[in-house]
Amino acid sequence: METGSPQDAVTAETEPAWTGLPPGLLRMRRLLLVVWLGSLTVAAGLVPGLLAGPAWAVFALLPLALMVWGWVLIGRNWRSWRYAERADDLLLSRGVLWHTVTVVPYGRMQLVEVTSGPVERHFGLASVQLHTAAAATDATIPGLDPAEAERLRDRLTELGQARSAGL
Amino acid sequence: MTTPGTHDQVRREVTVTERRLHPITPFRRAWAPVAVLIGWALHDPDATHRQLTRLTTTTILIALAVVIPAAALYGFLSWWFTHFAVTETELRIRTGLLFRRTAHIRLERIQAIDVTRPLLARVAGVAKLKLDVIGTDKKDELAYLGEADARALRAELLARAAGFAPETAHEVGEAPEQRLLHVPAGVLAVSLLLTGATWATLAAALVVPPVLWFFTHNLWTVVATAVPLLGAAGASSVGRFVAEYDWTVAESPDGIRIDRGLLDRAHETVPPGRVQTVRIVEPLLWRRRGWVRVELDVAGSSNSVLLPVAPREVAEPLIARVLPGVTVPPASSLSRPPRRAGRCMPLWWRGYGFTVTDEVFVARHGLLRRSLALVPHAKVQSVRQEQGPWMRRWRLADVHVDTGANKTVTARLRDAEEAARLLRAQAERSRTGRRDARPDRWMA
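Heads up: the sequence lines are chains A and B, in that order. The first sequence stops at residue 167 when you use full-length UniProt numbering, and every number in between is there. The second sequence stops at residue 444 when you use full-length UniProt numbering, and every number in between is there.
Bear in mind the hints are in silico, worked out from the structure with no lab data behind them. Using N, Cα and C, we set each Cβ at its ideal position, and we do this for glycine too. Careful: at least some of the hints might be erroneous.
[Stated by the list, open to error] Some chain A residues close to chain B (C-beta under 7 Å, calculated; not the full set):
id: 1; residue: Leu64
id: 2; residue: Thr102
id: 3; residue: Arg108
Okay, chain B solo, but in the shape it has when bound (with noise of 0.2 Å):
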């Protein structure tokens, strides 16, 4: 290293103050060598026992003495050489015990921050922090920190992020909040016993196992199957219940904040400006009650969901706060494609859609479950258009939005001549609609 190197670096550490992650993080995966011996003991219940009958009080002991010490050990030094920053710019994080990574995450690429508390972190008062930036993974969260220091971390980071003077960003605090809707668990409930794919997983399990019995009358093919599909079935009921209780959407200076979980509580926050695509989606037995689900693309987040369910009254000018300025075209509004479409697709042809309207290029799909996606002209990476032999047969071409999300929207089959056209109008517009999008730091 250069002498100037090891200046700044002297410099960095003085200015910087490192700090821990809370010290209950060692024992998070203590439940994982337990059950890996569980599931050994699962999977071959014989050998167990005759290994377990062999084994003395002096060999356990033995072999806790050296287990427990060691695993602690391990545990008490990652958390140790774990070390987490907030510099002006950027987060910091230090760890590993032999292979050393350091992950420096800019600030103003921050496109949200999720902080988690698991049902077991809950009843011990700590949480996770997770900054989503393109390209961060698991290893980037930070597992785990105590819930105020987690909600004051967050606060701290957003603030910075927006771009507050860093001696100031400590005293910001965590702006206020105004609540603009909450989804009350019985239309929660009731949105799930009206989606299609709650009964089929549950007729599934129902069906599938008795007919494999009456086939095989093998009691392990049976278990090995209705085991999945009963969890199938769990999870897209009761588990998406669980998940999606309590959904609590607010908006504040920093962005929408999102509240869900019943058991597991989750918060997100998205900063203005991050948001790539909003869907909404209409399932065919929700229409007639007029409800919706919404869902958002931010690039890095995992959670794609912005409301479970809402009566379109009630979405519609949420979705005009998460995509400012945006008002969703009504479906009279949209060009389905030209008739010869359903020689390339036929029926469903019925069911897409097409329109640009000054600030977000809309694309439908779906005939029983529509969903209509809406993507900023700023947030488009690349514009593509697609024509196979049978489409070129007909005159037809897909035009592909590509955005920074990873995910792609698809006006499908319009006329040739009139996705030549879009294709070049649509990079116009996208490299254009960036002039007037905000700036990375919101409050700047």
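Just chain A, with the same shape it has in the complex (with noise of 0.2 Å):
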């Protein structure tokens, strides 16, 4: 978002430390990308070239250019994700062509979810999720180093606490 015109002192001075994604997250993603649309793209590529000519293996080009808008796609939504914890709530930033802004207060949080999947397991990753009273709270940070993502539940639960508030 661009905000912080000048004469808009509120924004501002309010305007967060940005916290981006760890590289896992975008490593992750690209390597598997590359692994399907890799082997999408030998395979398109080997069958119609043996079995009807070479000429057809141009079959190829399709899912290679598709890795390869993929492999920026995936740079520019790694880019996009980002998060920041003020005193008082946790604001939720991402989304390139469809950008969602996301501010929770702390006291509105019901739980916070820490997940890891086994692919997230095996490349050291964990994801946030807070929830509150609204599902409609799409609050979710993927990708997160496990040592910070437990900082992370660990302090929100402890600010969720002391500012805490019924419905």
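These two chains come separately, so use the hints to put the complex back together.
Spelled out as structure tokens, the structure:
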């Protein structure tokens, strides 16, 4: 978001310290992309190339183009994710084309969850998910370092308790 | 289990008196097997006839001798093993014959209490009682209790939830109520006649089946479409009239009370400070008469109507009682999106409006059927700002406000800079709004 125009003192002074995601998630997503689309490229090149003649191997260009495009897209998406722990709320900003900024006051958190699937665990990643009483609150921070995820969980829980409020 | 746990258990058993539901309860599902049989008979009449002729009196008698005691035993056991108890802080429901299930519902988390009496239950003199707490489902209702029991239990639960001492909670009795508003049957009928949906479903029910007949000449197709259409038409006109008949809103120290229904009577008590959102809906044809419909969201509650129809000048003071200290902002104080919003949402952008007062976040949408939503700042769970590529092209953004009732109120197509400012300011307001909110135990 472009904010902090000079006359807007409130926005300018509360502009938080954003934290980006560690590069682990980017590496994981790009690796998965290369593994899947790479094997598809090889298959799309070899099978028609061997069966119908070498000219048909151009089909391999399609998944290859997709891979390059995905490579760029994943990078842009990864860069767009950032979060900021402010004194009283958590800010989460994400998305390139469809951009979303979410603010969750610490007092409204009902539950903080740290999850890590098998692939994520292999890459040493974990995500932190925040739940409020509203299901529409979609506040997930993916691809964090497990230590950072745990630190964040403990800090959020602590802050949530201190500022806790009912519904 | 460890020793202290056992002690705790023993002490609880001593102090908490467990009660059972009304003995009529096992009969509430008695119609289900009969309905299945009838459904099967209707589904395949020929086979049914063949089966019936094969049956002799002896087989019928044997079947009845097995089925009826088995059903009765199941009904009796499931009733026998369902207990409920009111403790100092909780309502405990223990149920289940094979799969035990214990629900502990915390009283200070109560969002609303519903007492409903379906037609047959009214005949039998029993009622259902349900506590609306976030996450409860159909299983957590107490069905059925004697009518007097249900009323006494509701009063006791409300007294305990309000923070009265447990010893006195029995004696507090029902809080006195002051009738605020009653919707006359005539006005309700006219309001339904002036609702577009009523006529649309009716027209569909009258037009579609003949057209289908003209094209297909297939009786079954016509019946299969006509029945649901007629059902929908009936539900949206007669059904609504029956459900919203004799709508009474009253106020008591325990909160807002709603009584309604012609055949099935329902009663709802919403304690103070539980309302998450209030919506004022104004269909096109009601506008000349100045009527509005007021809806409200309470977390965990199924009912969402506060007032089916009333003149605006009557509805607004009522809203001030539901959301204390809130005045409904006049239409002129709402700011429209900037003109360029028309590039994102031609014509309809004129229906959007938004403003913030000291107490509430207010957003309007709809051009023909206007709907104005008010969210108290204290009820906001999270704030989101969203912007798609086309909206960014025109420097616009939406601001969503999520409430605890799982509803989202959106200020659409605001100027991007205004939206960014609003996001920060709203987060701040939501955080501080809670400070002067009333406590969960409203009498404490």
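If any of the earlier hints don't hold here, list their numbers in rising order. Checked against the structure, the only hint that fails is number 1, while the rest are satisfied.
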